[in-house]
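Residue numbers (numbering that gives the first Met the number 0), protein chains in the order written: chain A, 0 to 314; chain B, 0 to 65; chain C, 0 to 48.
Worth double-checking, as some hints may not be accurate.
Claimed, not checked - The calculated lysine to any residue pairs, modelled on SDA-like cross-linking and capped at a C-alpha distance of 25 Å, are: (1) A:K133 x A:Q122; (2) A:K155 x A:K133; (3) A:K314 x C:K32; (4) B:K48 x A:D225; (5) A:K111 x A:K271; (6) C:K42 x A:T221; (7) C:K42 x B:V25; (8) A:K314 x B:D2; (9) A:K193 x A:Q122.
Unchecked claim - Label pairs and their in silico Cβ distance ranges: (10) C:S13 x A:K199: 42 to 50 Å; (11) C:S13 x A:A187: 35 to 43 Å; (12) B:V36 x A:R41: 54 to 62 Å; (13) B:E4 x A:S152: 47 to 55 Å; (14) A:D237 x B:D2: 24 to 32 Å; (15) B:E4 x A:K199: 54 to 62 Å; (16) A:E198 x C:G5: 17 to 25 Å.
Since the hints were made in silico from the structure, they are not lab data. Here a beta-carbon is modelled for each residue, glycine too, at the ideal position from N, C-alpha and C.
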Amino acid sequence: MLQYQDKIQAIAARLLKECKVDLVIGFRRGTVPMMNEPYVARTAEQTTNLIWDSHCGINLTNYLTDRKEKIGIVAKGCDSRNIVTHILENKIERDQLYIIGVPCQGMVDKRKIAQAVNGAVDQVIENGNEITIKGPAGDKTVTKADVLQNNCSLCKHRNPTIHDEMVAEPVAEQTDIDAYESVRAIEAMDIDAKRAYFEKLLEPCIRCYACRNACPLCYCPTCFVDEHRPQWVGKSTDPVDNMTFHFLRAYHCAGRCTDCGACERACPVGIKVRIFTKKLEKDCLELFGWEAGLSLDTRPPLDVYRPEDPDDFIK
Amino acid sequence: MSDWEPKIVSFLCNWCSYGAADLAGVGRMEYPANIRVIRIPCSGRMSPKFILAALREGADGVWVSG
Amino acid sequence: MGIEPGRLQFSWISSAESTKFVDVVNQVTDAIKALGPNRYLVKNQAKVA
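Make a model of the complete structure from these sequences and hints.
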């Protein structure tokens, strides 16, 4: 990871020195362990703050929406796919961007780490595939694969799909993983079981909208939850309102979601928000053969009409 | 619930089904009175919001027709 | 997502097809009558004038 970091800093410093970009968006170390925060470097000196480790799960594409400057951005596989989506949706121009591609080996889930040491974490040290966690309850070493974010262990696009420069050789993509096991389990339920499942799933939701704010797709100037007249969804944590919010938000992500896991990572109460977007991702793949953010040349399936689009549901 | 009649919110495209409904009226054809018609300028105006909003307000069914 | 598939119906009717319109209204009404009243996702809210 450290070699990535040096390379990122070097590239960022060079870009800023040569005035190729006005700013570089990356990560800096947060004030608490495992909480790296987005960082904007505007001068070559500031680039020494840029870091890279396994806690850079935030999706930086979120900070590109409607920017006018020339921007250098550090992008993992999922970030790069979201950048593609942003370009396709005219939220940023390709020429504005200098994408520093980072072949990603998955980000760790801070909840799993905390669980491993039963609570507080003072320090997390990475060494290849091993992660040593230091906490008041003692040290513990775990394998990285065991504490990966769920979306990272199911990820099939670890290498950036677009980039101007890579910081390292592409990593091997994961093959023969079953990404949609959880979705199939729900699809197999009958109506009552599904209702009970979703009600239970969304019961803890406090409607803080952290999932929406962390999501690079949710850039609407006014979100439907903030609209009134008509008011589509109530402001309370009533189960119906919770479900309306999550269902509708998921539909807005159909054919766009790259399963970056930002929503789930941001959720303060640990709801598995990705289950909704995962289902839509599966449907897009099965119905339209589509995965979001792989190419700048094809329009998303919900943008275009094709005669072979499935239409069995229409009488 | 023997006298229960469903409320079906129907989103009809101005140029297609709404025209068909009009023609059905002109032709004095009979059809169930359970549908509550909302005319939309085009099926492209349809949004998942409308469907959830209809259910939320107590619709028993939603019918979208182009 | 917990809504019966039949609660939401889609169809395509040309403006000249009044007979098809009547047929589809009948079909849709029958389908939803068979499903019974909807209780799911209904917000019981006090109406504000």
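Hint by hint, here is what the structure shows:
1. A:K133 x A:Q122: Judged against 25 Å, a Cα distance of about 5 Å means the pair holds.
2. A:K155 x A:K133: With a Cα-Cα distance of about 31 Å, the restraint between K155 (chain A) and K133 (chain A) is violated, given a limit of 25 Å.
3. A:K314 x C:K32: 18 Å, holds
4. B:K48 x A:D225: 13 Å, holds
5. A:K111 x A:K271: OK: K111 (chain A) and K271 (chain A) at ~14 Å, within 25 Å.
6. C:K42 x A:T221: 23 Å, holds
7. C:K42 x B:V25: 37 Å, violated
8. A:K314 x B:D2: 28 Å, violated
9. A:K193 x A:Q122: 40 Å, violated
10. C:S13 x A:K199: 42 to 50 Å: 45 Å, holds
11. C:S13 x A:A187: 35 to 43 Å: With Cβ atoms ~38 Å apart, the hint holds.
12. B:V36 x A:R41: 54 to 62 Å: Between V36 (chain B) and R41 (chain A), where Cβ atoms are some 57 Å apart, the hint holds.
13. B:E4 x A:S152: 47 to 55 Å: Distance hint for E4 (chain B), S152 (chain A) holds at roughly 51 Å.
14. A:D237 x B:D2: 24 to 32 Å: 30 Å, holds
15. B:E4 x A:K199: 54 to 62 Å: Distance hint for E4 (chain B), K199 (chain A) is violated at roughly 33 Å.
16. A:E198 x C:G5: 17 to 25 Å: 21 Å Cβ-Cβ, so the 17 to 25 Å window holds.
The structure does not agree with the numbered hints 2, 7, 8, 9, 15 stated previously, though it agrees with the rest.
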